[in-house]
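Each chain is listed here by its residues.
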Amino acid sequence: MTEARPDPDALLKRLQQEEKPNQGRLKVFLGASAGVGKTYAMLAEAHQLLERGVDVVIGLIETHGRKETDALVRDLPKIPTRPITYRAVTLQEFDLDAVLVRRPEIVLIDELAHSNAPGSRHPKRWQDVEEILASGISVYTAVNIQHLESLKDVVAQISGVQVRESVPDSFIERADEIELVDISPDELRERLREGKVYVQEQIDKALDGFFKKGNLIALRELALRRAADQVDAQMQTYRENQGVRSLWAARERVLVCVAPNRLGEKVVRAASRIGSTAHAQMYALYVESDRQQGRAAEDRQRADDALRLAADLGMETARRSAHDIVGEILRYAQLRNVSLIVVGKPIKPRWREILHGSVVDELVRRSGEISVQVITSEEPSVHAPSGFQLPPGQIKDYLLAVFVTAVVSTFGGMLYRRLPHENVVMLYLLGISLTAARTGIRAALLCSLLSVAAYDFFFIEPRLEFSVSDAAYLPTFGIMFGVAILISSLTSRLKAQAEASAARERRTGALYDVSREMAKSRGRTEIAVAAARRIAEDFDTDVAVLLPNERGRLTPIARSRSHFENDHRETPVAQWSFDNGKAAGSTTDTLPSATGLYLPLRVGEATLGVLALKPHFQGEKLDPAQRTLLETFANGLALAIERAKLAREGAEARLEAESEKLRSALLSSVSHDIRSPLTAIAGAASALVEEKGDSKTLAETIFRESQRLNRHVRDLLDMTRLESGAVEPNLEWNSVEEIVGGALTRTEIQLQGRKVGVSVDPDLPLVHVDAPLIEQALVNLLENAVKHTSPGTPIELAANLVSPMVEISVVDHGAGLSPADREHVFEKFIRKGGNESGFGLGLAITRAIARIHEGEAKAAETPGGGATFLISFPVGSGAPTIPAE
Amino acid sequence: MSNKTRILMIEDERPIRAFIRASLGDSDFELKEAENAREGMALVAQLNPQVVLLDLGLPDIDGIDVTRQLREWTDVPIIVLSARGQEKDKVDALDAGADDYLTKPFSLGELMARIRVALRRHRGHQVTEEPVFEAHGVRVDLSTRQVFKDGVEIHLTPIEYKFLVLLIRHAGRVVTHKQILTEVWGPAYAHENHYLRVYSAQLRHKLESDAARPKLVTTEAGVGYRLRVE
Chain A
0 MTEARPDPDA
10 LLKRLQQEEK
20 PNQGRLKVFL
30 GASAGVGKTY
40 AMLAEAHQLL
50 ERGVDVVIGL
60 IETHGRKETD
70 ALVRDLPKIP
80 TRPITYRAVT
90 LQEFDLDAVL
100 VRRPEIVLID
110 ELAHSNAPGS
120 RHPKRWQDVE
130 EILASGISVY
140 TAVNIQHLES
150 LKDVVAQISG
160 VQVRESVPDS
170 FIERADEIEL
180 VDISPDELRE
190 RLREGKVYVQ
200 EQIDKALDGF
210 FKKGNLIALR
220 ELALRRAADQ
230 VDAQMQTYRE
240 NQGVRSLWAA
250 RERVLVCVAP
260 NRLGEKVVRA
270 ASRIGSTAHA
280 QMYALYVESD
290 RQQGRAAEDR
300 QRADDALRLA
310 ADLGMETARR
320 SAHDIVGEIL
330 RYAQLRNVSL
340 IVVGKPIKPR
350 WREILHGSVV
360 DELVRRSGEI
370 SVQVITSEEP
380 SVHAPSGFQL
390 PPGQIKDYLL
400 AVFVTAVVST
410 FGGMLYRRLP
420 HENVVMLYLL
430 GISLTAARTG
440 IRAALLCSLL
450 SVAAYDFFFI
460 EPRLEFSVSD
470 AAYLPTFGIM
480 FGVAILISSL
490 TSRLKAQAEA
500 SAARERRTGA
510 LYDVSREMAK
520 SRGRTEIAVA
530 AARRIAEDFD
540 TDVAVLLPNE
550 RGRLTPIARS
560 RSHFENDHRE
570 TPVAQWSFDN
580 GKAAGSTTDT
590 LPSATGLYLP
600 LRVGEATLGV
610 LALKPHFQGE
620 KLDPAQRTLL
630 ETFANGLALA
640 IERAKLAREG
650 AEARLEAESE
660 KLRSALLSSV
670 SHDIRSPLTA
680 IAGAASALVE
690 EKGDSKTLAE
700 TIFRESQRLN
710 RHVRDLLDMT
720 RLESGAVEPN
730 LEWNSVEEIV
740 GGALTRTEIQ
750 LQGRKVGVSV
760 DPDLPLVHVD
770 APLIEQALVN
780 LLENAVKHTS
790 PGTPIELAAN
800 LVSPMVEISV
810 VDHGAGLSPA
820 DREHVFEKFI
830 RKGGNESGFG
840 LGLAITRAIA
850 RIHEGEAKAA
860 ETPGGGATFL
870 ISFPVGSGAP
880 TIPAE
Chain B
0 MSNKTRILMI
10 EDERPIRAFI
20 RASLGDSDFE
30 LKEAENAREG
40 MALVAQLNPQ
50 VVLLDLGLPD
60 IDGIDVTRQL
70 REWTDVPIIV
80 LSARGQEKDK
90 VDALDAGADD
100 YLTKPFSLGE
110 LMARIRVALR
120 RHRGHQVTEE
130 PVFEAHGVRV
140 DLSTRQVFKD
150 GVEIHLTPIE
160 YKFLVLLIRH
170 AGRVVTHKQI
180 LTEVWGPAYA
190 HENHYLRVYS
200 AQLRHKLESD
210 AARPKLVTTE
220 AGVGYRLRVE
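Just so you know, the sequences run in chain order A and B.
Going left to right, the first sequence walks through residues 0 to 884 as numbering that gives the first Met the number 0 numbers them.
Going left to right, the second sequence walks through residues 0 to 229 as numbering that gives the first Met the number 0 numbers them.
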């Protein structure tokens with residue numbers, strides 16, 4: 000069998016699983032209903048583990064007063080529950096923090112679907128479990144089938160009981176192991192009757208209600224199917240890991256379209272059921288019509304809720320805005336190779352369907368190869384999804400409508416005698432158009448009505464009465480009214496579209512501005528400051544960007560205004576968001592009672608910091624609708640900070656590499672240039688010790704070589720000091736002749752046997768330089784000339800004024816330099832021929848000295864052969880005068 | 000008491016002490032050693048040496064302070080030993096009263112020359128000053144205030160002459176900029192270093208055969224001037 004091409008989705012999924020080695024294991028005890036013995040089974044297994052020496056503790060167990068269960072609980076270590084007082088009732092809640100501190104290997108947590116008491120960190124217990132798993136602790140938990148999010152509706156239909164508490168399917172699907180605790184319905188009813196499940200008073204009620212045999216059979220089937228699905232999925236994962244070809248067959252992809260109506264969540268759940276049996280890749284899409292932009296916030300909220308539910312059920316969610324809703328849905332579906340589209344269809348009066356058309360019908364007509372499954376609601380949709388809704392108008396608008404009608408009537412009255420009737424009608428239509436353009440549709444309609452009435456009253460015989468003498472005018476009224484309605488609805492729709500696109504443009508513009516500003520900024524602080532300011536302006540909230548300091552604690556790097564206080568109650572919320580990489584605080588599922596909203600700045604798996612938002616004034620709430628946009632901002636900010644971090648790391652790495660290169664060049668130079676004189680010294684000294692050879696020659700060698708060694712060390716020190724900027728030139732007024740003299744005195748020994756021509760311009764003024772440094776530069780040039788020319792060849796030294804600079808040149812008549820060498824000869828560690836090599840630092844030092852005097856060092860060709868080195872530096876201004884004697 | 004010259008060396012580096020001990024040990028010198036400043040200062044009082052070699056980088060007390068403290072009660076010649084790059088320390092030590100300095104590493108020849116000059120100065124205090132100075136073809140008659148270059152009388156301005164005489168009085172030893180400015184021009188001019196550039200150049204042009212390669216009035220960059228006698 001040939002190995003198949005890797006399926007990116009499968010690989011990614013596996014990678015994600017492998018990437019979490021520190022995740023705790025999740026084992027779920029699944030039952031069809033209460034009383035099947037989930038808790039008992041869980042405790043029994045815990046006992047076995049305890050005997051094997053596993054550190055297993057009880058986080059929370061509900062015994063419901065059952066005797067057998069109580070007995071098992073007694074012998075297991077427990078983490079005390081945390082009492083929470085809510086509305087005068089004290090509830091025992093499971094203590095999340097205590098578990099995180101205690102860090103057992105396995106913790107038992109009953110009733111996964113439980114909703115926590117208000118004021119807890121998470122609204123739901125399964126979120127607590129998620130956090131525990133993320134911290135690396137394994138969890139055993141129990142849940143009944145009716146609490147699965149996607150089965151909520153089914154269970155409600157079977158049992159007639161609406162389940163409030165639920166757990167997302169995706170959470171159960173990630174369980175490493177699911178153990179189905181199963182007993183037959185008859186046995187369960189028997190246990191119930193024996194009082195093993197509920198206390199006596201409740202038994203009869205339960206047996207006739209939820210625990211009816213029919214219910215139990217249906218629920219049991221659901222649980223069995225679910226557990227079988229999970230086994231299937233595990234089997235499939237196993238086979239995927241083996242990379243078997245048969246599995247590369249195209250995977251089913253299901254798209255669920257969310258509509259802003261009550262059907263939304265129901266459709267999502269139904270699609271999830273369809274998808275999960277087929278192991279399909281699930282997508283959820285909400286296409287907002289640009290005609291719907293002005294819709295009530297309630298509708299948007301519904302769509303948001305449905306999308307969030309879809310995400311909880313493990314679907315990939317998306318949101319689009321388009322004029323052609325069906326076209327957009329199909330485009331999205333085709334891009335993702337979707338095979339099935341699931342849509343909801345509210346039942347509505349036929350006449351409205353004929354009048355406004357139906358998205359679903361159009362979708363079915365245009366879907367081509369893609370199948371469409373339609374879910375209908377049993378109850379009629381309360382909200383008609385058409386654009387024919389009347390947005391509430393304002394008193395001001397109605398007054399305008401009345402005013403415009405009055406003005407038109409007056410004006411019409413003035414023209415009435417001179418012009419034909421029809422012009423007056425046109426005038427009224429103009430007035431209606433104006434009103435529609437300025438106001439909403441309600442006021443425009445009022446204006447239409449008033450116009451027709453006024454036309455009749457003022458201009459139609461008998462005048463100043465609402466009656467009409469000539470029946471021929473009735474169609475005129477009808478047409479006038481129809482045209483008026485058409486104009487006003489068109490105008491107001493145009494206006495709504497313009498407003499919607501303006502709003503979209505504003506948002507996009509804001510996003511663009513922020514990203515541009517962040518792209519301009521350098522360094523994470525600057526980026527954070529820019530982002531905080533922009534977000535504060537665009538969302539009208541207080542903003543802070545919190546980034547971890549060296550010790551990993553969050554600290555505010557930028558605040559939109561100085562009074563973004565560091566609230567003690569809020570700090571842990573921000574920290575939680577940072578640690579878990581999830582949004583927390585107001586409008587989220589975690590600690591929703593906090594005043595601020597905390598969005599993690601995430602790049603890939605890493606969380607870089609937190610974006611904190613608070614309303615300007617206490618008691619004000621953040622708008623949940625802005626969450627999505629804010630998350631986009633947070634992503635942009637995270638990317639910008641990451642980019643700055645990478646840029647800095649890159650620069651550091653380059654610098655590191657550069658200095659590494661220099662270090663190795665230095666080391667090889669040092670080892671060569673210091674070792675060779677040392678070898679000579681050690682050799683000569685050992686000969687002296689043995690009293691061999693001519694002791695005078697040997698001693699001379701020692702002396703000469705140690706001098707050389709000293710020069711190397713001196714150069715090295717000079718270069719280091721010059722490069723580190725430790726040398727601050729001590730500028731004084733000096734005589735060039737004196738400096739030249741000093742340099743020649745110091746090189747007296749090396750220059751012996753050579754003709755040295757010296758010419759110093761007698762008119763040279765005093766120069767403002769550091770004399771010891773310039774002298775050193777000249778010494779280096781002279782030593783360089785000596786080193787690279789054969790003994791006895793002449794050297795010339797000349798100093799001239801080339802206003803405003805002084806130029807000192809050292810001219811030799813040796814082999815000279817190639818043009819390329821002339822460029823590089825002043826760089827560090829450049830060595831040029833010759834056996835007696837220096838560090839190649841001398842010339843680099845010369846140039847560094849020239850440069851700190853705002854001068855330059857250059858190399859040129861000596862006419863007739865040889866090299867000319869020259870340094871130049873400014874004379875300096877404001878030379879002091881010396882009084883004559 | 001032997002008639003050997005007693006030299007006290009205050010130096011914490013053992014190899015340097017060993018090198019000087021080996022070089023001076025069997026000649027006309029009697030070498031005493033101290034490892035640190037406290038011990039050194041005690042030995043100066045106890046042994047009354049004729050020359051002190053003082054390292055500027057001692058572990059316990061700064062060499063400049065040692066010089067200052069010694070100068071409070073003795074005018075024994077002090078030659079400071081310093082590393083290169085410590086120009087300011089050298090100048091401070093010289094201004095605090097040290098007679099001369101040697102930059103490490105130095106040769107035995109240089110050390111001997113410094114010691115000889117220092118001893119001459121020391122004896123010069125006891126004997127009367129020589130009325131005539133002569134070196135590198137220049138003859139200065141201090142009693143008649145006449146200056147000759149290769150037998151030809153040279154005219155010097157009063158300041159040039161004062162400058163030259165000061166250098167002659169310290170012949171062979173370095174004289175710091177501050178010392179010259181204070182003595183020739185007065186304390187108010189102590190930092191007007193450019194006066195020296197101009198007058199030293201004038202002196203060189205009048206006394207040296209090649210002003211750009213002086214033999215007599217030599218410059219110690221960043222420190223001062225030295226009249227070379229050898």
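The set of hints was computed from the structure by calculation and includes no laboratory data.
No experiment lies behind these values; they were computed from the predicted model shown.
Ideal Cβ positions, reconstructed from N, Cα and C, are used throughout, including at glycine.
Just so you know, not all the hints are guaranteed correct.
Unchecked claim - Pairwise CB distance ranges (calculated):
{"#": "1", "chain 1": "A", "residue 1": "Asp762", "chain 2": "B", "residue 2": "Ser106", "range": "31 to 41 Å"}
{"#": "2", "chain 1": "B", "residue 1": "Asp59", "chain 2": "A", "residue 2": "Ser802", "range": "25 to 35 Å"}
{"#": "3", "chain 1": "B", "residue 1": "Leu46", "chain 2": "A", "residue 2": "Glu727", "range": "53 to 63 Å"}
{"#": "4", "chain 1": "A", "residue 1": "Ala605", "chain 2": "B", "residue 2": "Asp59", "range": "50 to 60 Å"}
{"#": "5", "chain 1": "B", "residue 1": "Arg144", "chain 2": "A", "residue 2": "Arg674", "range": "27 to 37 Å"}
{"#": "6", "chain 1": "A", "residue 1": "Thr696", "chain 2": "B", "residue 2": "Arg227", "range": "46 to 56 Å"}
Item to complete: Provide an ascending list of the numbers of those earlier hints which the structure does not satisfy.
Response: Numbers 2, 3, 5 and 6 - these are the hints that the structure violates, sorted from lowest upward.
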